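Participant: Sequence:
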Amino acid sequence: MGKSRAQCEGFEFDSELVWADWKPGIKYVKHIDVQNLNARSMELQYSLPATSEFQTVYPKTRKIAAGALFRLPITFAPVKRKFHEDLVTFKIKNANTFSVHLRATLPEYAINIPKKMNFGFVAVNESKSQIFSIRNLSSLETPFSLRIQSPFGANIVEGNLSSKEKRMIELKFQPQNPGFFCMEVHFDYGQSYERTASMSLCGTAEYPKLSVMACNTLPQSECEDPRSIILGFPVTASGSNSERIIVVENSSKVDAAARVSPISSEVGFTRDQIFRVGLTTSIIRPGQKIDIPVYYQPKETGRDHVGYFKVITSELFGETMVKCTGQSPKVNVQTSVDHLVFDIVQLGQYDQRVLHIQNTCGLPTSYQLVTNASTGKPGVSTKDRQERFSATVFPIMDGSATGIISSGDEIRVVIGFVPPWTGHYHRRLVLLVSNQVGDS
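By the UniProt record's numbering, the letter at position 191 of the sequence shown is numbered 191, and the numbering carries on one by one without gaps.
Calculated cross-link-like contacts (lysine to aspartate or glutamate; reagent style EDC-like; alpha-carbon spacing at most 20 angstroms):
(1) K82 x E141
(2) K60 x E43
(3) K128 x E184
(4) K172 x D255
(5) K166 x E141
No lab work stands behind these hints: they were computed from the structure. Model, not experiment: these values are computed from the prediction.
Please put together the full structure from these sequences, using the hints given.
Facilitator: Next comes the structure, spelled out in structure tokens:
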């Protein structure tokens, strides 16, 4: 730290000498610097300090040239640990006098803290933390104690600071009601906590404002509860899924939490549930919004499904009921006849009949037509046609045994009768249809 300087009659000099860190029984030397700023030489006299703890060379008249610097040594030789004070007086020839104060101070308790801290906006029943440092400016071990009131709090309310120590303290703003809060936190410190430093704390609490809405759904009528949403899904085939989006928007100035709570067994967060919600909890920043995907994934055909869950935006009163509705259609694939009768066929010849398969439901449907293999004595014909169809008595001669039938379409399958030997034949053709209940 630079010395404080003063001027008198063209002389510039140290206004004081201070000894701050000292011990009894040790001598300390500092200098009083006096500079002649006049354009000519000047004579100067000085007096001795009055106390024995401060000493200097025997006084005599000093002639200081223009611009020259005169340094007067002052020795401080303390015997007791107490506050010491004295002065040296300088007399300018034919002019005024000026004095330089001599002080030996004892260490004092001193701490440094911020003057104020602003927490900004915080949601009611939530908390916000800020960290600041308290610094011991002295060389003394300094006890301290905090006086702080709700809705503010601290993780440390008392302690001891060693010499020059800096410690971090966390302050919290945890409001239980909305409003603007401003108060002082007091730091009492010192051996008897006789000193006090204060910091101003401010914060604003408000309720979070979250709105919940559904995308791509029909608008609700005015008579319906605005705190409920009907999430209608399109007709969805079993084994597939459809999606709807719920949007949660934060129009407040505070962070807001939203979480999903299922209230029926059809709703959950895994693929085992009929309605699967793609998010459990989320923190939404002020002015932001999030999308919550909801999936309808039916496991059976021909069912109507209903599920319920809540979007909770405040533990006090912020709930939105969401009703999910979905339908899984019946798969209805029919054959044109329930049996095929073939004419009498000579060995080595064949007969054929046409079978139509119709899809009368509203969704494309996959199918597979299974024919039974022939049993009994194996027979091998020399004719090409018989070799082609020898794997079964009733082979598929035209059309595909597997495929997908579009909604409302009909396909044509030709079934042949190719007997390997004489006799009566009866086989059951099985039509396998994805998700269809019952036999075809």
